[in-house]
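Those protein sequences? They're chains S and A, same order as listed.
Quick note: the first sequence, position 43, residue 48 per the numbering used here, numbers continuous.
Quick note: the second sequence, position 201, residue 1300 per the numbering used here, numbers continuous.
What the hints contain is simulated information worked out from the structure, not anything from laboratory work.
We treat Cβ as the ideally placed atom computed from N, Cα and C, and that holds for glycine.
A hint or two may mislead.
Below are the DSS-like pairs computed for lysine-lysine, each with C-alpha atoms no more than 30 Å apart in a straight line [to be verified]: (1) Lys1269(A) with Lys1169(A); (2) Lys1169(A) with Lys108(S); (3) Lys1169(A) with Lys1267(A); (4) Lys1169(A) with Lys145(S); (5) Lys1273(A) with Lys1169(A).
Quick list of simulated restraints, FRET-style, between CB atoms [said to hold, decoys possible]: (6) Leu1274(A) with Val112(S): 34 to 44 Å; (7) Ser54(S) with Ala1288(A): 18 to 28 Å; (8) Pro111(S) with Ala1307(A): 13 to 23 Å.
Single-letter residue listing:
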Amino acid sequence: MNTHMVGLGQIFIVIFLSSAFSIGGGNGTSAVIQDRWVSHGLLDSGLFSWSIGLSYLSPGPKCGFLAAVGYYLYGVPGACVALLGIMLPTCIGAAGVSYAFRKIEPVIKFITVPATYVVAGMIAATAWQMAAPLHLNMVKLAAIAVATLLIAWRNWDPVVVILGSAAVGLGWWYWQ
Amino acid sequence: MNKDSSAPSSATPSASSMPADTGLHISTEAARPSASLTELTTTFLVIGATSFGGMWGASQKLEDMLITRKGWLTQQEQQTLMIAATLIPAPKFLAFGGLVGYQLRGWIGSAVTMLALIAPGSAMVLIGAMLLNPQTAGAALGPISDAVEIGVIGVLFGNAYHQWRGVKVKGRRKLIGGAVALGVAGATAAGMSLLVAAALGLVVGALALREPKKTNGEGAR
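The task is simple: from the sequences and hints, build the whole structure.
Structure, rendered in structure tokens:
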């Protein structure tokens, strides 16, 4: 662990600025961290991957991995500063978009129905983007189909599906 | 099981004020139930602690909590805020929380909502970072992470289906809507930027799905 090789101010500034590369849902923050800290040997690449892996197993926004990144760089204060660094620009952006949102409300009425379908397409696209790099075999495809059916047809709570998936993964690791 | 999550939007408090000819939810500040900071905090703590798969993966839960149970948003507002969240240079789910908080309680609401949303997951990640390390738990993490990712993909596809099914239009307009959704997903899968695909989908959809002049009772939720 390269504790204190990076100051709290730098943690805040790098993460604050990295949010600018997250527009449209891109994973820009990870790329900036990779470039600024991992590539320069200030953060171990294994710990960085571990941080992201932990966030996949945790609920809520995936940017929670920043807590681990901040922790590895500067302990608990680093984790707090890292979260502050991602929250502040988000807060400013939310206020700005909210202001514009009120101005364009008549337009919103016009696009309500297509927006619903566009959102459906965006959700499916996100699912596809996650699935594409996995090199899916028949077993994985079947697992995705089962999870999809449980959500779409049986209205299962997603938490149950995710926890069930984690249990299957744990069982698979134990069996191997 | 989350049976309520796909409940028709007519169950929402604002639904009774919807124009019958369009079905659009146009809420007013007066019609919207007030949200205290405590309620905002607890609601988003629950969402943050029980949602997987990011903003899109949580769309059903968000609908259940914010529209059906609390009545803080209409379906239209939630969908618009989800799209608006993608325009903010920040993580989408966090941005969505910030937008909802700002709509309901201004700056403080925005900050409180984001903090509540990110706190449970971050605390888990932080505890994981403090107690575990890749050497001790790395072997188990791989299969578990892969399985969770597969589960998240299923949740996303399921939510996409709910989103498509939820629109209260029929016949030709339903088919066109499905084509718009497939077009956005397909264009993104083919390499087009998600934002560009969504913008094109909105333009094409707005033109192709215009409200028929003499309809009665057909429209979006």
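Here is how each hint holds up against the structure:
1. Lys1269(A) with Lys1169(A): With Cα atoms ~28 Å apart, Lys1269(A) and Lys1169(A) stay inside 30 Å; holds.
2. Lys1169(A) with Lys108(S): 25 Å, holds
3. Lys1169(A) with Lys1267(A): 22 Å, holds
4. Lys1169(A) with Lys145(S): 37 Å, violated
5. Lys1273(A) with Lys1169(A): This hinted pair holds, its Cα atoms lying about 29 Å apart.
6. Leu1274(A) with Val112(S): 34 to 44 Å: 25 Å, violated
7. Ser54(S) with Ala1288(A): 18 to 28 Å: 26 Å, holds
8. Pro111(S) with Ala1307(A): 13 to 23 Å: 20 Å, holds
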